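My request is simple: use the sequences and hints to build the entire structure.
Read off the chains here:
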Amino acid sequence: MRSMLFLFREFLSSLALNRFLHFTYGVQVTISLLVLGIFLVLMLGAAVIWNRVGNNLLIHAYMSSTMTETGILQLKNELEQMDHVHDVEYRSQSDALAIWEAKNPHMDLGILESDDILPASLIIRATHPRYIQGLAEQIKSMPGVEELRYGSEMVQNFLKVMMILISIGAVTILLLLVFTASSISNIIGMSIYARRTEIRIMQLVGATWWFIRWPFLFEGVFFGTVGAIVASLIIWALLLMMSEALKLSELTLALPYFGLNTGGIFVVLALLLLSLGGLVGFFGSLRTVNTFLGRETEVNLDALRVRQLTR
Amino acid sequence: MIKFVSVGLTYPNLVNCLRNVNLHIQKQEFVFVVGPTGGGKSSLMKLIYRDAIPTSGKVFVFNKDIAKMRIREIPFHRRRIGVIFQDFLLLPHKTAFENIAYALQIRGASGRQIGQLVPEVMDWVGLTKRQKSYPHQLSGGEQQRVCIARALVNKPDILLADEPTGNLDPDTSKEIMDLLVRINSRGTTVVVATHDENVVNDYRKRTIVISQGQMIADRTEGGYLNAEEAANA
Ligand SMILES: Nc1ncnc2c1ncn2[C@@H]1O[C@H](COP(=O)(O)OP(=O)(O)O)[C@@H](O)[C@H]1O
Ligand SMILES: [Mg+2]
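Going down the list, the sequences are from chains C and S. One point on numbering: in my numbering, the residue at position 191 of the first sequence is 191, and numbering is uninterrupted. One point on numbering: in my numbering, the residue at position 93 of the second sequence is 93, and numbering is uninterrupted.
These are calculated hints, taken from the structure and not from any lab test. In this text, all values refer to a predicted model and were calculated from it rather than measured experimentally. Where hints are given, some of them may not hold.
On the chain S side, residues computed to face chain C include the following (Cβ under 10 angstroms) [what the hints assert, rightly or not]:
(1) Tyr49
(2) Pro75
(3) His77
(4) Arg78
(5) Arg79
(6) Arg80
(7) Ile81
(8) Phe85
(9) Leu89
(10) His93
(11) Thr95
(12) Asn99
(13) Tyr102
(14) Leu104
(15) Arg107
(16) Leu179
Quick list of the computed label-pair ranges, beta carbon to beta carbon [to be verified]:
(17) S:Lys64 / C:Ile229: 45 to 55 angstroms
(18) S:Asp157 / C:Trp210: 22 to 32 angstroms
(19) C:Asn18 / S:Asn20: 46 to 56 angstroms
(20) C:Arg19 / S:Gln212: 41 to 51 angstroms
The beta-carbon is built from N, C-alpha and C at its ideal position, and this holds for glycine as well.
So, in structure tokens, the structure goes:
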């Protein structure tokens, strides 16, 4: 514990000694985490929308008024046996009416009482949006089906584009993670080099493996998490600033529909960034520490010493 | 205390640094290791504090084969050995006191222990008044004293000095050598590697001559290279 305190003070003084370089690299880490965070927000939004739209791509098959309930249930059974059908839901006339009522509480329901306006329906969900077109064609010609409604081709193309965008985003995020890790590696490499005499002395007076490495690992995690905190705060500020614009574009109105709100997004994002920053910081610095101060401390120490002497 | 059995050391770049060195240093001995630059003196010292391991033969320190030592045992091995160098290796942004305290802090010593041990050892090496000075405010001799104090504060069994007077003028060199002899008389084994002829001739101590990686002489009466050895080197 006393050692920890001592090491922490050493860490602070090392920060103070190399203020400028640490600041530069810190900014670098923060910026990459910031871009990463913005991508995460976009991805999160895209993924949610994709999921919702995908799930909403249902085929509504409205039954002709001549169909009896048993007939409809038999048809439901048939449909469930078909390839690419995920599930089928039966919505009776009274169910449909109840849903309509809930969505439009102020409407006079009298006009809807007649049979034809809100017919019974089967709602078919495909195993994947791409099968919808084919399924719809098959179902259209089945007896008892009066009318069919399903997501148009445009919606499906939209989904394809979204999928591509999500993939690109994922790759970008991976690249940014690598970039952040290498920034942190640089910070640590610089720190090790700046403190090579100290490391040499520590080794000579018998400091243990962990005692020597711990400050560098701590430094890595420190830069990762501080970068993440700053990046999160900036993103939060951006979200706040944009909230007016978002309201205008009705996106915020849409968000609750997707089961989200700006606060929720932010918390998820901040936690994600923080853990990513911390992990990347730890492993980034561990890598550098291990290359410079390998398990066989001695071998690389000579390299450090030679560098110092030939400086 | 220190035993070399037909030790050979080849560096990764194939420099053949030590060949068939046999050597036995007893507890409380004072030994000079002399010879021309590049002869292998520093490498011999490195083997003792396990900064290198022999490529052939065996090195025993405190009756332990240093090649068989586990990585995590190395720090504890080194805590029993003080090392000082020609280029003093002090931390420039720490005072003399803090530099010495450093060797205690890395072992988790308490503030009270530090407050007691550091002034004590500083008095002993003659630095009573320089506690708050930074290395750049100290003369070469004083800096070397700080290094010696740092090596001594952990009460080592062996003190290794690699060219301790290499950067010092003759008078200061003598002061430092006197200090090393005084440390030896307290019971610490002292090994001094040097190519400073005057230093060796002033103190009649056991002298080992290393040239081109080989031990070519081991005389208890001391004295620097004789004419023949000088010619060979
Ligand atoms: N880390 C190292 N890697 C490769 N060669 C080395 C290393 N250290 C020393 N040498 C070589 O080993 C030989 C002996 O060096 P050293 O032990 O430093 O001699 P001395 O201390 O007597 O001057 C020299 O030729 C030197 O170049
Ligand atoms: Mg040398």
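These are the hints, each one checked on the structure:
| no. | hint | result |
| --- | --- | --- |
| 1 | Tyr49 | holds, 7 angstroms |
| 2 | Pro75 | holds, 4 angstroms |
| 3 | His77 | holds, 8 angstroms |
| 4 | Arg78 | holds, 4 angstroms |
| 5 | Arg79 | holds, 4 angstroms |
| 6 | Arg80 | holds, 8 angstroms |
| 7 | Ile81 | holds, 8 angstroms |
| 8 | Phe85 | holds, 9 angstroms |
| 9 | Leu89 | holds, 6 angstroms |
| 10 | His93 | holds, 7 angstroms |
| 11 | Thr95 | violated, 13 angstroms |
| 12 | Asn99 | holds, 8 angstroms |
| 13 | Tyr102 | holds, 7 angstroms |
| 14 | Leu104 | holds, 9 angstroms |
| 15 | Arg107 | holds, 7 angstroms |
| 16 | Leu179 | violated, 19 angstroms |
| 17 | S:Lys64 / C:Ile229: 45 to 55 angstroms | holds, 49 angstroms |
| 18 | S:Asp157 / C:Trp210: 22 to 32 angstroms | holds, 25 angstroms |
| 19 | C:Asn18 / S:Asn20: 46 to 56 angstroms | holds, 47 angstroms |
| 20 | C:Arg19 / S:Gln212: 41 to 51 angstroms | holds, 49 angstroms |
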